[in-house]
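Novice: What follows is each chain in one-letter form.
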Amino acid sequence: MDQMMAVKPAADMPLPYVLVDQQRLDLTASDSGELKLSFAPSVWDSELYLVIDLYAAANPVHPGGHVGWWKWPLEIKADIAVKVVKSAAGFEVTFDDTVPQESWKNPDFSGLDEPVIALHVVLRPVISEAVRFDDIIHVYNRKSALEESEARRNALDNPHAAAPSVPWYVWPRQSMVHLVSTNVFEFDAVGNFALSVHRLLRANGVASQLYAGNFDPTLRETIRHTCELFESAAEDDLIFVNFSIFEPWLPRVVELQSKKILYFHNITPPRFLQVYDAEYAAHCADGIAQLKYLDQFDALMANSTSSARVLQQSATKARGKKVAPEPGYAPSHGPFEEASRMLAKVVTEFESQAETPLEVTASPPVIGAKDWSAIAAEPIQLPPQETLLLYVGRIAPHKRIEDLFALFDRYSMLNPDSALLVVGGARFDGYLGFLRYLLGNEFAHLQQHIHFYDGVSDGQLKTLYERGSVFVTMSEHEGFCVPVVEAMAFDKPIFAYADEAVLETLGRSGRVFYAKDFAAIAAEIDAALSNPWIKELLLTGQRQRMLEIHAQASGRAIWSVLEKVLYGARAV
Amino acid sequence: MAVIIPELAKYGGAERYLIECVSRWQKLHDITIYSSVVNADLLAEHGIGKRVKISLLSPYFDGRHSILLNTALLPKIWEQEIGKHDIYHTHLWPTHLIELHPMVWYPHEPLRILHDLRYEQPLEDVAATRQRDLHIYPKYNYDRVADVTYEAYLSSMDLVDKLGKPDRVVANSRYTAGYLEGVYGTPVRDVVYPGVNVDDFIFQPSDENIFLTIGQLWPHKRIKLIIEALKLVENAQLYIVGSGPEKEKLARIAEGMGLDNRVFFLHNLSNLEVKILFSRALGVVFVPVKEPFGIVALEAMAAGKPLIAANEGGFTEVVDEHCALLCPPEPEEIAERMRFLRDNKEMARTMGAAGRERVQAYTWDRAAEQLLKIIESTHHKWTREHVRPRIDSTPRTALFGAHYYCWYGNGIGSHHWNDTPHAGGVTDMPRLGYYASSSCSTIEAHWRLFEQMGLDFAILNLHVDRNGVSAYEQAAAESIFSVVDRLQTGTRLAIQLCPYDCTRDDLTNAMETIRRQLVSRPSYFHYEGEPVLFYFWTGVQDGNKPWINFVDDSLQGFLRISSSLRMYSAKDERRHTFGLFHGWSLYSPLELSAPANWERVWMQAYLNSDAGTRNLKILSVSPGYDDRHLRDPNRKTNPHRNVDRQQGDAYRRMIDFAVSVPDVPDMVLISTFNEYHENTHIEPSRNHGSLYSQMTQKFIEEGKSRWTK
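Taken in sequence, the protein lines are chains C and W.
The first sequence maps to residues 9 to 580 in our numbering.
The second sequence maps to residues 7 to 715 in our numbering.
Be a bit skeptical, because a hint or two may be false.
Below, simulated DSS-like cross-link-like pairs (lysine-lysine); rule was C-alpha separation at most 30 Å, straight line [to be verified]:
{"id": "1", "chain 1": "W", "residue 1": "Lys237", "chain 2": "C", "residue 2": "Lys113"}
{"id": "2", "chain 1": "W", "residue 1": "Lys56", "chain 2": "C", "residue 2": "Lys300"}
{"id": "3", "chain 1": "W", "residue 1": "Lys551", "chain 2": "C", "residue 2": "Lys79"}
{"id": "4", "chain 1": "C", "residue 1": "Lys524", "chain 2": "W", "residue 2": "Lys56"}
Distance ranges between label pairs, derived from CB positions [what the hints assert, rightly or not]:
{"id": "5", "chain 1": "C", "residue 1": "Asp437", "chain 2": "W", "residue 2": "Leu238", "range": "20 to 28 Å"}
{"id": "6", "chain 1": "W", "residue 1": "Glu254", "chain 2": "C", "residue 2": "Ile135", "range": "14 to 22 Å"}
{"id": "7", "chain 1": "W", "residue 1": "His121", "chain 2": "C", "residue 2": "Glu110", "range": "43 to 51 Å"}
{"id": "8", "chain 1": "C", "residue 1": "Glu110", "chain 2": "W", "residue 2": "Asp326", "range": "37 to 45 Å"}
{"id": "9", "chain 1": "W", "residue 1": "Ala158", "chain 2": "C", "residue 2": "Arg444", "range": "55 to 63 Å"}
Simulated coverage check for chain W against chain C, where a stretch passes if three residues somewhere in it have a Cβ under 8 Å from a Cβ of chain C [as the list claims (entries may be wrong)]:
{"id": "10", "region": "239-245"}
{"id": "11", "region": "283-297"}
{"id": "12", "region": "560-573"}
None of these hints come from the bench; they were simulated from the model.
For each residue, glycine too, the CB sits at the ideal point set by N, CA and C.
Just chain W, same shape as in the assembly:
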């Protein structure tokens, strides 16, 4: 499950909801939390362990037009950054604009600046600056726009807001459900109230005349009203817990009223400190403008403290007159109730006890359970209605794949087309010309050819070094997936990771990229239900157990197949790679021995398929090899750097061997479709015409008819 929230830094109502639920769900589901800011201490403090993965999203935009960027662009960026999951559970606005399904959105509230807070701007500031402050919770600061464009911005945001299509919306109160229905015009039937952990609170009556209010310091929380009320209540103090952009203004107001030694601002408190404050309070005051829910009300009840609150908002559904004094949001009305509690401490205790009794029905256990049921049922419904069977999930015949290189730039001399004599030289030209791997027309042409050849999958090679994943290949891979997704072809895509001198962080980042950006694509190649990842194995790390353990952890969730440069055997592999791979294949079968020994070596490799833990039988075929034009000195030591194609005879010899194996292979890999530097390509080209693609097509036809499971 992906749990998505814009920021998870402070401990506001929305964050608390997420944390309380995830702490209960973490043992039931694999959960990844996505957020642009994550306070790890906060999660640890609430028992969210390492089992829950954390993934960072791009942060909010600031500066010019930031409000629009945060409305329209940011959710789309997040959409790209979020990996593939069975279900997406999103919190707050505008996560509903992330187009991932199935999605259960718990908005907490609509974007209120578009609606009931639209005209709550402090006009003295507007008059002075000719600017307006716009706020999206939980972004810490305001986005500013020119006053004259205020309405235009809001209209644009309003337009975008309606484009979100979450599969299910859950409201935190009936009040919010009605509000959401008014905004989005669709019924919101699910209401799950937040909860509270009653046993966490210090339950003891207070003799001190301390009033407590907790909330983010935004204008609509109306802290100013409470300060004004306090002025009318002698011999009492007000503790304000929370932070926000209004803090300095509120502090000035308190000082101006001579209340600076009766009004105190606190924030960044530990859980324990907040609970101590609750225990010291005579009462809790909470008068925000139409609060969608207001967890503070539940917390006051749990702490056994009477609530003085505005008579509007979602929390009014869970309190009653025995535990709360609801009143119009006016200083004198609030002050009257504060004085009442100050002068009637026994009544304050009775009300507190009543609240504590009543709140037993609103636990986080209940909230988490109800919400999870909705999430699970949404997932089941979606799966029934939308999941298309994977054609490759239960292969009935051998599957054919080809190594595919997506590192080419546009035109000779560009990326990998003779760009360096060291490693980029080519001696042949594709029939399509020196194409760009990212070009749509190239991709479409290649996949039409693959369809024609009957290829089941292409293996995209992604190289990782100390600079991370090759940016060019990553960008091209994203284009290829996008185009192939659209083509809805039968030829899927798998990734082959080719790490060269990379660190653990590089590999971790590479895998995060693959998981986030690529595996979730419909075209990604799965085998028996698992996404397949090929891993280029040179043998340099043989026996390096710490590294292999790390790779093992990094590759969890994938069916892992080694593309090996060396031979392997069931007997020795445990010592070398400790069961890292589920299957083994040869990357370059022609380079392993002199031609006289080819069949013996190939058969030996094939029969050693049980070197992998799943005993996958994988054949590799290759049309020839020639890298003599490359000036890399490391290549000079290779005794087999020129394996003549012999006008297709070498390839024919491999194909003949392949069809002679005694049983049905699970996969046949063609090495390669388009590796021009080593001249292993079968792609139609100037030197070879369509010979190799046609031979491949026939081979696949023959293989598929011969090898049925």
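Okay, chain C solo, but in the shape it has when bound:
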């Protein structure tokens, strides 16, 4: 189960939340720590109870990493003090110095040896098992872990790169920017973008605060739980929402008086994901349904013009345009079908709309060119083969890693001295299992030639890019595709399936294929690698395109949108 995405509002109910007064608990020097919890008024409108759930931060699963849970009925409208006490018998939790109404402690796992414990503050309804609120505070058991966490926060707040652009107007002193993302994690493109906007603003003296519903609790303080936004956003402030999946707080965010900007990172159509992770697919579907809130934003941005079109189409739908039903014998009821259809039809339907489309500013989801020269290449174990086909990106169903296998199968017939490197994190266990099955069966003969790399550092990624012969992607859905730009930076010929956003990012450079004729693509790659003239032509186009992208990614588009939101027509 994915605890990070468990929160879901009950239909038509305001999302309840709890404010926690501490950013972490330090149990390295003492055996107890206390948190003061304050409750939003909506808590008292619902029949809820409070649960403090403790997990090993490194293994937050039941039962292996589950320390226990402590339940408290919310019957008195008042703040509450939660005390966590560590003893040889394990952890105990009390509420206003009172023992919990109910509790469970894992007899097989005390958590005492764990350097960090994740303390979940959870609200659950009395009548069902749903999770209405979940916030995580780290409880530090070991000094070194606490110090490491501090160092990471400092690194984030002190970026190396200078701001790639400055605003051409004086920022109003009374306005700060609240940057909201559903999730912020390391190696996550959306989170990285949110951080880079944060840095851009702060480097230019603009007050900025990051918020997320799910984030690495190590970074707490630098990142705050989204519910805190409702306590701090003022009318003169700007709220910049990074929208990439269902955002449970969105209905409340749009009610705030501050000016609001939505940056759309696009949403993966759930049909790609549903059999591998239906819960995630449902969140994608719910996210697509939330596009109905578009007209409550003062400005819209998107990571590409193809994503912008999705927004424009959604706005048109929200205005009541009818969408032709999918042909078929039966009506569909599920959220996946509906949501997938909505995305699939975007382009064609948009073309047919007579109404003026909503204004959406397209701007790449990167700010400034990444300075790879400042990053030292780090060693990483590489296969001995001469030619390395490189893929960088998430290992997700819509990325069609199985098609990379099929392509490599054909390519290795032309060039046996080759290997396929798949670099990226895998969050879809089901999909990983499927890929594993393919490698154990249909592609068993390639097992020694296909290598996966997860969680690599920037330095290791640099090594992989440098050693890679070509960059390949079979992805069938992208919002922008940052790795394509990285491959350009390393001067690697790019072979990509012609997904709309990838086409846009490549801007008629590299080599795209509209059909997955693996034998033909393999022959193209072989030709490019064996013919320096072809390779040079490909690279010349890519270099030119990279300069264009860097120009677009200076952050000026963001300054421009902020200016329009701040000053309206005067800014035009």
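Based on these hints, arrange chain W on the given structure of chain C.
Specialist: Below, chain W alone, put in the same frame as chain C:
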């Protein structure tokens, strides 16, 4: 073989059975699938190729009384729409009410709303709406009836249900066989279990706490029980694959229980996606009410997954305790077994492996083979007992036929009786009066006359233009076939297709109509075992190879004889019509030349019989011709638009020529029996009395005695 199923859209158990069998039989038999909805992608995905023909049936009725219409009327409509086949293999209810034989019915289950699901209605809905939902699988939605008439509807359906008389019934389990015996009161001895393609499944153990259930979302599948069970199993998810009218209700239940991030509904998945889900599942849960079989059980075994299932139904015959945990259909019982698998993954793997081993005995190859044997033996038995020898299948003498027009309405001024001066004018009146072609008394009178004359067959002209087959002629033709079938006369019926300015689609539709509605009739004229189709050939399409190739494809299965307006020769015909016709005949032999050249022209045509690929020798005779009263300007250019009958002398001259030919003709065609516009009729009439029918009768007598093979 006709394979009939009400709908072939989704991939449920019945559809899967049909698809798996047909994909294996398609190389052994000519198969046509009949269904009201066909998902072509589904067939293609399973390797069913173009060799298998697809024919659409009328869809289910909806609205008022739809349940009765779908029970009593729809099978009879389908019966009309289904063409002639050697054997009919039907799936699901109510295809047994199609009166076509020999029929092997694989019902999958009786109509359970009449029996064990009769009182499974969700009463809160009934109380709120005063209506009841009735369901016939695989119809997607419910038929609704007023609560007060519920029992009356069921009684009526029950009555109709018993009228079906399939020649053989095959059950999918012993459980179903017993059920069917109870319902229909006759023994059901054949049981063929469904199968599964073990190698198609992704066999790998799962570490995820995912439970899978697959099924249509109807109340009797008891998905609600599984959701309730899941609530009692922490740290587990349920994937529900399937669609159906209960989906929204079930989703609400899951949400109400706070399980909306643990229970997921999926449908319209590809085969691969379903198999991936099986591979991810820790176990498969299946608790329907007395499922007749339940292919899901076999699939769980094939995927190497333990089954948690209700301890009732057909599938319990194929599982055992090593691969399945059977239990009473109660949430706590189900949950207990789900928790057991969650906490004992090694046991889940062992059970899965045992199931995969056991399921090797239940393959689709075996199921398809066993079922085909039953179908073939049913056909052989039927053929032995029922097929009557065709009198015209091995002609020992020349066969006599007459062109017959069935386009007349009732009374002067009606259809084709002086209705337009352009083409509908007549100058004579039949002795029967201006009759309606569709009238039973007219048809009976004509066929009595044909019997008397000794005519072997009549050629019904069907005109096809941009509006398709003439609706009037088609309706009349159906009446004529019905009456003639009943008369059991020796005079059979063949169709002559007369295409005028028609498209490929028009012709395709016309041929589909002929194949479906007419060729299967007992009275249809066969020659040496093949149904005969005459084709009116003006020569306009000579040399048009694409069109002729298309016609050639469309007319496959028929003995094709050209009724030609032009002369033909063995030498040139290959260039003109590329072997399209098996035989050639002249449609209007008097219009081809001046009287002085008649015999020479007729003989030339006769001797050129090898213009057709079967070298059929066909003579045509005609009593005269006169269309001068018709105002169609195209007719003005015809130099022979008036060939005087000369009180029978012209006809006599033709008959004399006919009896003088040097060998035995295969057929003699009289052009015409009743084409009044061109005055070529031999039917007794006011102007000519019975002269021509009597001359014809004598001619036939003489011909038959002279020409013996």
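Novice: Please go over all the hints and tell whether each is borne out by the structure.
Specialist: Structure-based check of each hint:
no., hint, result
1, Lys237/W x Lys113/C, "holds (21 Å)"
2, Lys56/W x Lys300/C, "violated (46 Å)"
3, Lys551/W x Lys79/C, "violated (85 Å)"
4, Lys524/C x Lys56/W, "holds (26 Å)"
5, Asp437/C x Leu238/W: 20 to 28 Å, "holds (24 Å)"
6, Glu254/W x Ile135/C: 14 to 22 Å, "holds (21 Å)"
7, His121/W x Glu110/C: 43 to 51 Å, "holds (48 Å)"
8, Glu110/C x Asp326/W: 37 to 45 Å, "holds (42 Å)"
9, Ala158/W x Arg444/C: 55 to 63 Å, "holds (59 Å)"
10, 239-245, "holds (count 4)"
11, 283-297, "holds (count 3)"
12, 560-573, "violated (count 0)"
Violated hints, listed in ascending order, are 2, 3, 12; each of the other numbered hints is respected by the structure.
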